[in-house]
Amino acid sequence: ASYFITYSEICDELKPKKIINLTYFPEENKESISGNQEEKKEYIREFILEGQEISSYFGNLDIFAKDLEKWQKEKQHIIILVRNEGRAQRLGEILEERGVKRFTTGRMGEYAHLKSTIFISYGYLNYGFRLPNLKIVFITDQEIFGKERNKRYKLTRRKSGPFSTIMDISSGDYVVHIDHGIGIYRGILNLTVKVVKQDYLLIEYAQGDKLYVPVDQFN
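Quick note on the UniProt record's numbering: the sequence shown kicks off at 1 and runs consecutively.
A few of these clues could be false.
[Said to hold, decoys possible] With beta-carbon atoms standing in for the labels, derived distance ranges:
# : residue 1 : residue 2 : range
1 : 106       : 19        : 26 to 36 Å
2 : 62        : 204       : 15 to 25 Å
3 : 173       : 51        : 18 to 28 Å
4 : 75        : 10        : 34 to 44 Å
[Said to hold, decoys possible] When the alpha-carbon atoms are kept at most 25 Å apart in a straight line, the in silico DSS-like pairs for lysine-lysine are as follows:
#  : residue 1 : residue 2
5  : 197       : 70
6  : 66        : 197
7  : 135       : 73
8  : 101       : 197
9  : 73        : 101
10 : 101       : 75
11 : 66        : 15
12 : 210       : 197
Derived by calculation from the structure, the hints in this document are not laboratory data.
Every residue gets a Cβ at the ideal spot worked out from N, C-alpha and C, and that includes glycine.
Produce the entire structure from the sequences given, and follow the hints as far as they go.
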């Protein structure tokens with residue numbers, strides 16, 4: 001028995017069905033999948049998806065929160081994807097601390113039933129992007145916190161392996177600084193140093209000593 005099927009047979013099978021043609025660039029002279037010029041009328045409408053990149057915030061959560069509020073006012077649907085459920089919950093807490101409202105966390109399958117303009121979920125996406133004409137924004141933790149890379153500062157959670165974003169830890173967790181040793185993570189503070197406003201991780205040590213680590217130097 002032969003499993004070979006010809007192109008004509010494929011076209012015949014598809015004729016009764018609705019067909020979506022996807023292409024990188026619009027074609028001036030569209031033809032139906034069968035090549036019949038008379039069937040051009042089968043194309044009911046054409047969508048052009050204009051994609052835009054999302055710039056990295058490099059851990060500047062205040063600017064990120066302001067952009068979220070701006071997109072909310074523009075009636076954009078914002079989907080934020082992080083690596084796991086724990087990080088999604090932690091990011092929700094971070095946004096609440098910065099006054100961002102009307103967001104929901106959950107599984108991607110729940111998104112279609114929600115009315116909130118910001119949806120935080122967990123999954124994998126290489127990069128974030130915007131579709132302006134559809135009013136959709138996809139953001140990953142890579143745009144929020146920057147690419148994971150080896151830096152001078154390295155923190156690890158006690159009784160677990162290394163972690164790479166602040167969504168893996170909560171206030172009160174023990175952390176290990178490569179130069180200063182074991183301390184207690186106390187959260188994120190927004191400080192102005194030499195006229196530059198930036199977020200810092202606060203690590204507390206014995207006798208009340210404190211260490212401030214810039215978020216963009218965290219790994």
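Non-conforming hints, listed in increasing numerical order = 3, 11
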